[in-house]
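Novice: Spelled out, the chains give:
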Amino acid sequence: MTDLAALSARALAKAIAEKKTSSLEAAKEAINRLVACHELTNCIVALEADAALEAARAADAAVAAGGATGALAGVPLAHKDMFDRKGKIASWGAAIRADRPAEEDASAIAALNRAGALQIATLHLAEFAYGATGHNYVLGHARNPWDPARITGGSSAGTAAAVAYGAIPLGLGSDTGGSLRLPAACCGVSSIKTTWGRVSRAGAMPLAPALDTVGAIARHVEDLAVALAYLAGPDPRDPAAALLPVPDYVARLGDPVQGIRVGVDEKVISEAHPAVQRMVEEVLAILQKVGLQRVSCAFPDWQTLDHLVQLVQLPDASAVHAAFLRTRPGDYGPQVRARIEVGHFIGAVDHLTALRARGTYLQRTLDRTFGDADIAILPVLADPLPTIAELDIGGGPNVQAAMGRVVKFTRPVNYLGLPALTLPVPRNGGLPNGVQLVGRPFAEAQLLAVGQAYQRKVPPEIATPLF
Amino acid sequence: MAASEKEPAPARQVGSAAGADMPDEHRARAKAHAAALAETAASVALELPMSADVDEFRRVLAAGAKP
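As they're listed, the protein sequences go chains A and B.
The numbering of the first sequence is the working numbering, which starts it at 1 and goes up by one.
The numbering of the second sequence is the working numbering, which starts it at 468 and goes up by one.
No wet-lab data here; the hints were simulated from the structure.
Note that the structure is a prediction, hence the values are computed from the model and not measured.
Keep in mind that the hints are not guaranteed to be accurate.
[What the hints assert, rightly or not] Not the full set, but computed from the structure, chain B residues with beta-carbon under 7 Å of chain A:
hint: 1; residue: Ala505
hint: 2; residue: Thr507
hint: 3; residue: Ala508
hint: 4; residue: Val511
hint: 5; residue: Ala512
hint: 6; residue: Leu513
hint: 7; residue: Leu515
hint: 8; residue: Met517
hint: 9; residue: Val521
hint: 10; residue: Glu523
hint: 11; residue: Phe524
hint: 12; residue: Leu528
hint: 13; residue: Gly531
hint: 14; residue: Ala532
hint: 15; residue: Pro534
[Unchecked claim] Derived CB-CB ranges, DEER-like:
hint: 16; chain 1: A; residue 1: Ala46; chain 2: B; residue 2: Val521; range: 37 to 45 Å
hint: 17; chain 1: A; residue 1: Val290; chain 2: B; residue 2: Asp520; range: 37 to 45 Å
hint: 18; chain 1: A; residue 1: Gln293; chain 2: B; residue 2: Ala530; range: 44 to 52 Å
hint: 19; chain 1: A; residue 1: Val290; chain 2: B; residue 2: Ala499; range: 44 to 52 Å
Every residue, glycine too, gets a C-beta built ideally from N, C-alpha and C.
Can you make the complete structure from the sequences, with help from the hints?
Specialist: Pasting the structure below:
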């Protein structure tokens, strides 16, 4: 009997198309596993079982009639609850969103609908996606499927937990400062944070539009390629969506990776916990085994980048929330409110300086960091997987410093707008963690090819509680 | 008292966070954090050409594309 939970989305779609299983069977199993996952991790915002089973029956009927199309036809998925769907209200992980239903689907949702995917639930996220740990003082905190005492990472917490647990093979998320990479690393799965502008944000909750990106989390790198093939491309609904051609991500999974130069900035990496530095070395050794070449590289001063991204993000997010913060401040959780409030004290000149400097710093990165390297490796988390209690600090005095440590290696990449693939490190029987491979602009296909080669050495796992 | 003789309403507190109802300790922390970031902005501004503009980022991103 096929273990549906272990299949990639791509393999499951093939099995459904070949009638080796059915969409209905897959949806039932996904719902059962998702409910079990929720009991362990608090991953669900809203389960949509009846609608999903009805859609699965329709998908099976289409297969029987020879009319099923799309690379994910009949595959049950679930996504971070921040994407518009016609006639529904996305919670955004917050108490404040009870106004009016969406008039049309978010472009990312529409893309996966074109792929034939089903949606069985909406999933946990940090309040307004403004949190890097999975804490949410409205929905309750998300818990890690490997160890429920530990964080899932955020903000795409529910997607990462559900994917890691094998409830779904793939789900959507977003990344403004690390929100796809951190939960993927914490839960031991993969994610693709796309180049700014590669995927339309139309209909996705805005956090800080100058930095916001939409991407996906999956156990199998090949599923990230399948999803991106539908998600990427221009969109008149998002003026920031790039007009550049979209490569055939799936075909390019098999690109040779021999000789690709992976840059190591030892100064930046040395700021991680020694155990995390060892994980980076272990991944580098595997990448060298599959043919990559290790070289040195140097990013622009990392603390400067970290300050610049905050000078963009904090006022950008505060502006998005200005009306709600004035009229309904009590409806915000303590941590999000504390972070949003800071943005009101960033001067306009400083904000614009950070925006004006962005092109200069990106050019410097391309010339120097990527002068002799094709991709660069960085940690995702600075430390081994923290507990929920350790970071349960609400809006207290240490919130900026503690959250700053969590996103230390992720948010500067958002300032540069570059794509980043998260890969789980070998667990060696312990807790998960991850590294990110950062690429040149719009080099997602190259990153995915490297990730595919890596997974031949480090196959995806399904999470089971270790403690 | 006639309408024209009413005391003028107190001036509205100036500043974008005025309506945010922030506790004093939050306000102090927020100002301190913003001040630290402002130092970096001042330093970065010194090295930026006057011609640097906010659209340059998108141009560099597209020019550096490696699909």
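Novice: Confirm or reject each hint.
Specialist: We went through each hint and held it up to the structure:
no.	hint	verdict
1	Ala505	holds, 5 Å
2	Thr507	holds, 4 Å
3	Ala508	holds, 4 Å
4	Val511	holds, 5 Å
5	Ala512	holds, 5 Å
6	Leu513	violated, 10 Å
7	Leu515	holds, 6 Å
8	Met517	violated, 10 Å
9	Val521	holds, 4 Å
10	Glu523	holds, 3 Å
11	Phe524	holds, 4 Å
12	Leu528	holds, 5 Å
13	Gly531	holds, 5 Å
14	Ala532	holds, 4 Å
15	Pro534	holds, 5 Å
16	Ala46/A - Val521/B: 37 to 45 Å	holds, 38 Å
17	Val290/A - Asp520/B: 37 to 45 Å	holds, 42 Å
18	Gln293/A - Ala530/B: 44 to 52 Å	violated, 26 Å
19	Val290/A - Ala499/B: 44 to 52 Å	holds, 47 Å
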